[in-house]
Amino acid sequence: MSTTIRMPEVLANVTEAAVQKWLVAAGDEIAVGQPFAEIETEKAVVEYTAETAGTVLELLVAEGDSIDVGAPIAVVGQAGESAEPEPAAPDAEPAAETPAVSPSATDPESAAPVAEAAVQSPSSPAPASAPAAAPSASAADAPSASSTPAAPATDEPTAGRRFISPLVRRLAREHGLSLDEVQGSGPDGRIVRRDIEALLTDAPSASAPAPASPASAPPASAPAQTSPPAATAPGAEPELVPHSRMRKTIARRLTESKNQVPHFYLTADCRVDALLAMRAEINAAGTVKVSVNDLVVKAVAGAFRDVPEANRTWSDDGMLQHGSVDIGIAVSLDDGLVVPIVRGVEGLSVSALGAQIADLAERGRGGKLRPDEMEGGSFAVSNLGMFGTQSFSAIINPPQAGILAVGAARQMPVVVDGALEVGSVMSVTLSADHRAWDGALAARWLAAFVSRIEHPLTILA
Amino acid sequence: MPRQRRLESTAPWVELSTTAADWKNADPALLATMLGQLHLIRAFEERVLELAGEGLVHGPAHSSIGQEGGAVGSIVGLRTTDAVNGSHRGHHQFLAKAITHVSQGKLDLTSLVDDTLQGVLQRTLAEILGLAQGFCAGRGGSMHLQWFEAGALGTNAIVGGGAPMATGNAYAQKHSGTTDLTINYFGDGAAQIGSVLESMNLAAAWKLPVCFFVENNLYAVATRIEESVADTRLSVRGQGFGIPSWRVDGMDPLAVHLAMEQAAEVMRSGGGPAVVEAEVYRFFHQNGPYPGSAFGYRTKEEEAEWKKRDPLDRVAREMIKLGLIDEAGVQQVRDQAIAAMDAATDNLLEADPDSQGKRRIRPELWPDPDFVDVGVRGDASELAELRAVEPLTDTRERESMKFVDAVAGVMERRMGEDERILVLGEDVHRLKGGTNGATKGLATAFPERTLGTPISENAFAGLGGGLALDGRFVPVIEFMYPDFLWVAADQVFNQIGKARHMFGGQNPVPLVLRTKVAMGSGYGSQHLMDPAGIFATSAGWRIVAPSTAADYVGLMNAALALGDPVLVIEHVDLYGEKDEIIAGDLDYIIPPGNAAVRREGKDVTVISYLSMVKHSLEAIEQTGVDAELIDLRWLDRASLDWETIETSVKKTNAVLIVEQGAVGTSYGGWLADEIQRRLFDWLDQPVQRVTGAESSPSISRVLERAAIARTEEVVAGLETVRRHAGGAA
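In the order they appear, the protein sequences are chains Y and P. For the first sequence, the residue numbers in our numbering are 1 to 461. For the second sequence, the residue numbers in our numbering are 1 to 729.
Same shape as in the complex, but just chain Y (with noise of 0.2 Å):
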């Protein structure tokens, strides 16, 4: 008896979905749990694992084809079993051919199981090569293709649609949670309330409702960093290259941002001569090697220690004050950029810190942050030094109420106390939502960027 895994609704309300890579191949062998394939959709790569054991016996779709959620991309079975579905077989079957369960008299629940076991027991091969024509992963259409017994209920994920609590729903909607990761240890896997917890307790503002659209997306900067399309000849028509998710999302995002986050920009200087010779002195004398990049996000988590009440954003509700410091960091992609949220960035040391923007980094560029990883967050790093650009203004990554634009430590000519001298000067611009921002808060949160930077010590203290 073969199962068809159709594409899983990785993320709530996402209709379409990708496979970007198979992660198996017809004929291996699977166990529950393994990674099978990962899943592509507009916000993240999740990668799919198996709910079913058995030998794969055909792959449905092409790595890149998009498909809706709930349509079939493989079929799972006994090994030497035949993948290719009996023609007739899923609607000359009728219906009324599954055996009635008579629901036992004890049983509270006595009429639950015949309907559960038709739904999950979509038992007859699937179409085997023909995605178009696969049915709906609608309940209603299962057990009319069923030709076999119902199976008894199993705890079994049905697949096509994630089973949700009414409780988690409202909760997930509050606190602004995705549940694209969440294992769900309900009925049918449903996604109950102790499957949550974990990310309840996490969640940055348990009590407050999060604001209505939790970024998981890229922000700002968007240094399109393509590199351009191959040389063509002078005149020949452009070429329509379809959008990856990443950039509709990019586009969606952030026209949405500019359009509804009233921005207002702030540049400063700041001298980084000490920063760099303390950074200098830190990996000549350490094993770990500290970036500019990480100690400006730490002088970032200690400017808003210093004015703690600009960590704070905006929600249609009400301010939302923090009280973590959990910055994003822009991460460019080869086509596109992520911006992963270190949490507690107050709490950590230089070198954790690096090392866990390094571990997001690297994650984010072969797509293997989960979701989570890139939602919520009061401010931004982006950081274009390593290009060059001198300075440059950001866009902010809703719902965070600031960005940091960070341009390259260049050597110029400076005046200290009426002298000239030559000195490095890293130029800075700040981008604020003047919504949760006035320009003097902002202006003082900047002055005290300035000052850590300029006195690195204390950005170690």
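Calculated from the structure, these hints are not laboratory results. A quick note: this is a predicted structure, and the numbers were derived from the prediction, not measured. Take these hints with a grain of salt, some might be off.
Derived contacts from chain Y toward chain P, CB cut-off under 7 Å, selection only [claimed, not checked]: (1) P166; (2) R170; (3) E174; (4) S185; (5) G186; (6) V192; (7) R194.
All C-beta atoms in this analysis are idealised placements derived from N, C-alpha and C, irrespective of residue type, glycine included.
Fit chain P to the known structure of chain Y by using the hints.
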């Protein structure tokens, strides 16, 4: 050859007709009043048919045209404190009683309608049209006319349905020390129905002053009397119950009056009930303005013969013969009646602006749609002055007592304090407190108020309903087993449950119905239901289901004080339990809206009542699930403690409703529905339920056990909850 001796019934049975001497001896004022009433009723009924023909009467209009003589003859001599009730064809009886009441029994034919009487005619017509100014606020319409002040108890659309309640009213009259009487009117179609026959028997056994007045108009809709009975003289029914009976020509109002005088003498003097059969004829079909012959079940010739006996003509002819009136005088009486109806009609109708030449109801006279549920039950304000106690937190000394002794104890205490309380049911006065001892001591302390009834649940439940509507007594009815509610279903649900709302929402129905759940006792399929679900889904009833003796005291006291019918559910498993009450206090109430949290917990809200509260506690301990257990106490829609349920569910996010009985008639269905709609976003799993099987419990011990829920089933229910919470499967 065996010897035979002819047996005679002990009850007299006579046919009565008038002679010329009777007319001559009759009080001219009586004859004039009868003529006036007959004409008022005829003009009224003609107007109703006219409006029905214009489509202005919603629903059927059962005309009494042709039958006025029976009602007028029997009612014209009654007191205001005498009472009548009737059937779907009851305009004539209602009007006769109302007119007799407002005119003090005397009409002046030269000035037939005064302002008060004009008001009665208009309010009656308004009621039939369904308007707010009607006697029942437009709720009752043609078939449910009630005016207590005039002694009109309410007409009834269930054939025979009014007989038990009339019997109850007669009980109240007799036992309040009056010589008043009650007449229950019904037709030939009802003379064969159970509640009428049960009521005749009960009234005869208890010598109650109620007259069973059958208007034999020969047709039950279109079925002729010969098709329905062997002896078409329906007053023969009295012979079977030992009730003196009269047969009389109903087209002769004086004959009816004389028969009723004789019957009233029996009733007022303590002789018990009477049966009066009046032969009458409705000139029209069952309802609407067409003769029966138009429908082919009788001939025009037959109708013409009966029309010659029109009671209006008969009285006029006799009065003219005696020189009491002339033809012009009769015409003036008719003209006055028509003018009165014109005036009433003009106040209720207006020209329809949308339809040339048509009339419509004046729009401002309709009831407000918001009135739809007003008065389904009272607002419980009658409990406001009573002392409420919460046994959970009350710290006074306790006195140990078996549960069943608390049942009998609190009733004895209340009966001692309140002489209105009357206990009735099968064997409640014998066997040392009925079959379970729940009425122990009452028959000794209050023999005249502890009534063992014949086995006729419809009659004694309805008698209780009549007592409750009357208000001089507070009946406590016992059904030995809950399943008997089906036997008495008409009285329990159609009459008692609906009486307050149907007749306008004003008049209280203070009644307590006790019954015991007996699952586990081996009484089988027809005795072992839990009635909570049926009553909870039937409007009008409140329900309590105590799980402890101390709760029983407070809940029974509240039930007895409420102006609504209250079902008190007991359980045989609880009767024998060693329990405790607050020492020396049998007088407090536990008001509606007070559930008890028996155990606090965070993982699931278990909602239960009655004996299943203890089973739930056991199951919670066995499974180790950290459950919060709510003992509902009050079960009906209006009395449920929503606040406690909502607070708990918002904490636990899971619900398990626990009850013992069959899934079909279960209580939890409506509650689960209500919870999922009120608390959807707080639920982490479906509302789970523990119930019995689909079948009724069988006699076989094994099958009975399999059909009901006890601790083991609650354990299974808690495991289901746990699995749905992501716990061990």
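Each hint, compared with the structure:
{"no.": "1", "hint": "P166", "in the structure": "holds (5 Å)"}
{"no.": "2", "hint": "R170", "in the structure": "holds (4 Å)"}
{"no.": "3", "hint": "E174", "in the structure": "violated (10 Å)"}
{"no.": "4", "hint": "S185", "in the structure": "holds (3 Å)"}
{"no.": "5", "hint": "G186", "in the structure": "holds (5 Å)"}
{"no.": "6", "hint": "V192", "in the structure": "holds (5 Å)"}
{"no.": "7", "hint": "R194", "in the structure": "holds (5 Å)"}
Violated hint for the displayed structure: number 3, the only one.
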